[in-house]
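Sequences listed follow chains A and B, in order.
Per my numbering, residue -2 is the first one in the first sequence, and the count goes up by one each step.
Per my numbering, residue 185 is the first one in the second sequence, and the count goes up by one each step.
Hints in this document: simulated from the structure, not taken from any laboratory.
Just so you know, these numbers come straight off a predicted model, no measurement behind them.
Just so you know, not all the hints are guaranteed correct.
Over the 12 Å line for every Cβ pair with chain A, so calculated as not near, a few chain B residues [as the list claims (entries may be wrong)]:
id, residue
1, L235
2, Y238
3, A246
4, I252
5, T318
6, A344
7, V352
8, Y361
9, T363
10, V371
11, F444
12, L446
Reference listing, derived: stretches of chain A covered by chain B, where coverage requires no fewer than 3 residues with Cβ under 8 Å from a Cβ of chain B [stated by the list, open to error]:
id, stretch
13, 9 to 22
14, 51 to 63
15, 78 to 92
16, 128 to 139
17, 153 to 162
18, 224 to 238
19, 255 to 269
From chain A, some residues computed to sit far from chain B (all C-beta separations above 10 Å) [unchecked claim]:
id, residue
20, E42
21, D69
22, A291
Glycine is no exception: its CB is placed at the ideal position from the N, C-alpha and C atoms.
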Amino acid sequence: MSRAEESQRRASARNGWLLSAPALVLLALAASGPLLIVFVYSFLEKGQYGNVIWDFSLDGWVGILFSRDIFDDTLKLADAHMTIFWRSVKLSLLTTFITFALGFPTAWFIATRPATQRAMWLFLITIPFWTNLLIRTFAIGEILRTEGLINTVLVKLGIISAPIQMLYNDGAVLVGMAYVYLPLMVLPLFSAIERFDMRLLEAGYDLYASRMQVLRHVILPIVKPGIVAGSILVFVPSLGAYVTPRILGGGKNMMIGNFIELQFGQGRNWPLGAALSMTLLVIVTVALLFYVRAINRGGTGGGHG
Amino acid sequence: MAERSFSVARLPGFSTIALGVFVCLYLPIVTLVVYSFNGGPSIAVWQGVSLHWYSEAWGNQAVKDATIRSLIIALCASAIATTLATLAALGTTRRAGFKGQTVIYVMINQPLMVPEIVTAVALLIFFASIKVATGYQGLGYLIAAHSAFCIPFAYLPIRARLEGMDTVLETAAADLYATPWQTFRHVTLPLLAPGIAAGAMLAFVISLDDVVITEFVKSGGQDTLPTYMLGQLRRAITPEVNAISSVLLGLTVALLTVFFLLTKRRN
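Just chain B, with the same shape it has in the complex (with noise of 0.2 Å):
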């Protein structure tokens, strides 16, 4: 038996080290969830099952508000960002290698390289000075902010999409006098449709988590879920924002499951 042990790929202690840090990864995670449901008001000190904290966030006004506030701008954004990285994928995939095209794909990437605080305080001083000149204090800014940010994630599950496509179905719609538009309409957008839903699922998960540039651009009174809960901090910390964290962690797991999905269903 000692010698079928023998594995190539087994290494000492390995895999200890990384059952260890799944737990590690998922304990934190998990209290949190679990707390969320304490009767007590303590996040430590376990005081039977309840769905008390749940009710008190419902019933809190201010969690109200950043919470819708947070799905308009997610919805605004990831629409708009989609939108915007399905043409940036259908000008940059499919088609002969252009003069600048590295430039386009530099700025599209851009918001993933440069750092949150960076961009954060750079939209601070430009918008600050709009609303000085224009006056006008609405969502507008944080909607903008947020579709900027969002259009690198949207554009990858698209362009790795399009990328698997072929252009031979194309080719035979133009073949039988379909017009560019009845060819993007009726052939190449129902087959890119499931990297699109995957692109505007990642921009609504990265949108409505996006705790920095939301705190830099907001004007009063214009908390969104995270900022909400980065705001609390300050006070002492109840359940309430576990319950909400848990709200925030099911939709986000939903959403990477159905992402995930869609985009094996490619394969």
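Extracted from the complex, chain A is given alone in its bound form (with noise of 0.2 Å):
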């Protein structure tokens, strides 16, 4: 390479550095910056008003799983934080694996389409994509409520003789991930779907596989990197999902995100709060590193499970 050449090249990069840097410098001040402020919090004492004492201590790491006995001191397993951790995943896992199940035929549905109708549909899954979640909570939150529209339509219909509850509990909550994170798992299954090559499965056929083995042995291994996506695409907001438990769960069915935000608010337990989101952060980004092999491994293609 000639001195021109390697000079050019260093303004070239010089620049994109330059032209970055505004978007860098507010990325840092308000999103990753202060990541480490919590880093750093998860190893102080917590202040009896809230926020911190500048003291090291690793109260805050311990409580994620203990709890202090007021009367002995002793380390106990903190049973109420067990319930909380178990449901996030537990709750997580189900939503991915019900978002699955009936995200597949859509993503195969919409696939299979003529090419004139898939954009129309693939624009319908998109619209709930992007609507405030909020909103989509409350939509269904409004339907599962005791006065709502499902148990309006059974108590006349004279199959229930009055409302049932059915808000408040895992299950509105997990009814309510389920319906607000399908369109992501609708949308990375449907672009693996729509580069699956069709012949494969007049092959499959043609050598008398019923159904049920093309599905098993033709589809599913092909699709893989779009199922990985998908389920991660779920399982990350799941886990770290605040709003949803918040309006369907009430007070007691608490996720993760509820209970970082009670440290924060009437815990007054700042450096516990910290650690339960390093936590959270330390989970979402392994996951997310699996995401990653699993969509470099999918873009080589090819390859057979």
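Take each chain as given, in its own frame, and dock them per the hints.
Laid out in structure tokens, this is it:
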């Protein structure tokens, strides 16, 4: 490489950085930078009225799993915390499973429409995807309410004599999360299925495979990157969900997101809240690394499982 | 006829499930909109068509203030985010890969990856100490936070547009002795405009819809429309919430339609 080329390349890189700098500065100030503060706060002592005292302490991290007995100062496994973690993981996994079970046929349906109709069906999935999550949670909540549509219809039909309480339990949160996150599953599944070569199905059927065998041994292995992508896109926001459990779960059925908020509100335990936030961040990062690996593997294509 | 109906791509039951999914996806939204026109105070018992709840919401000072605040924040945030995202897109596309480019990508996309509640808590801590130190309580914090998380949404369509653009025209302009600024102003910018408009629209929608970060960053009396609605939950819900939701919904769908038309024209 000549010297002129070398200096030109360097100037290009410098311009790249300079042009990106304003965005990076804002992001550092109002997005990534403050995450470091959370990290530091997780190692401090809690203040009596919220905030922190600047003394090193591991109480925040210990508090994730254990609670200190107020009488003899011994550490005990905190059952209430365990319940919240278990609920978060359970509901997130179930949400992922339900959205897949419903999303896969939906994505398949869209991908096998004639090209002229496909854009319309896809747009129908994209609208909820971009619509306010709060409004969609409201909408599903109003349907499930004691005085809501489902109860009203059931009572009118005489199937039930009095309205059933469907809100404010884990089931309601699950239905709500599956409802709001479904488009996140359908979109990556659709793009995987769209690239799927339908002639492989003919080959499968020619070789006397049943529909079930074709589905299991031909379709699913090939669209796997899309399945992984969709699952992670649903699992990650489910695990950090805040709005949906708050509205549909009532005060008692907290998930990690609400538990974190509690520490900065009534709980007045900022170090614990900070440690919980860091834990959530680590779990999400690990999940996303899987995602990146799956996507890259999908990109090289053609591999058989 | 029986053999004609065998299509390789057909899987039994899939179409039924899919159509059911579409119904379930839209039934709650449609119900929400329909009951915003309810004459009575219920969200399930129909008492005739009326615009009562729209006028109720319109006459509600808290709703009016929240709407104006939401719009101010969304306009400022989308303007700032789009400007910064355009610069960053120009800096990271159509040039030889350089050291640290991945770092820039990760930084820009970080708001898409970090759970919102974690960012919200981080900003709560950070801005609380700035509020104490400076005494400033204004909308600046919300605008800064919104601008930051809108950057990736503005960046992605702008970058996609730029990547599809050839550098031939810019080279031609430079050959004709245009200064870099003239080239940018009269060649690059007009070509890039649909991407910028699309990015700005997404940023606007994202800012308008935000609940979690706003809820944690806002000072007292700084409710936006979504946080106002979240606060209303503790009371008995009237179709007023449906009316506000329907208006927001209509705005989002309108902007999205424009967005799709803008990005489609490219092909």
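Going through the hints against the structure:
1. L235: holds (19 Å)
2. Y238: holds (16 Å)
3. A246: holds (17 Å)
4. I252: holds (18 Å)
5. T318: At about 14 Å from chain A, B/T318 clears the 12 Å cut-off, so the statement holds.
6. A344: B/A344 is indeed farther than 12 Å from all Cβ atoms of chain A, at 15 Å.
7. V352: holds (18 Å)
8. Y361: Since the minimum Cβ distance to chain A is about 19 Å, B/Y361 lies beyond 12 Å and the statement holds.
9. T363: holds (15 Å)
10. V371: About 17 Å separates B/V371 from the closest Cβ of chain A, which puts it past 12 Å; holds.
11. F444: B/F444 not clear of chain A: closest Cβ-Cβ about 7 Å, inside 12 Å.
12. L446: Non-interface label stands for B/L446: nearest chain A Cβ at 14 Å, farther than 12 Å.
13. 9 to 22: holds (count 11)
14. 51 to 63: violated (count 0)
15. 78 to 92: violated (count 0)
16. 128 to 139: holds (count 10)
17. 153 to 162: violated (count 0)
18. 224 to 238: holds (count 4)
19. 255 to 269: With 4 residues in contact (Cβ-Cβ under 8 Å with chain B), the coverage given for the stretch 255 to 269 of chain A holds.
20. E42: A/E42 clear of chain B: closest Cβ-Cβ about 15 Å, beyond 10 Å.
21. D69: holds (32 Å)
22. A291: Holds: least Cβ distance 15 Å, greater than 10 Å.
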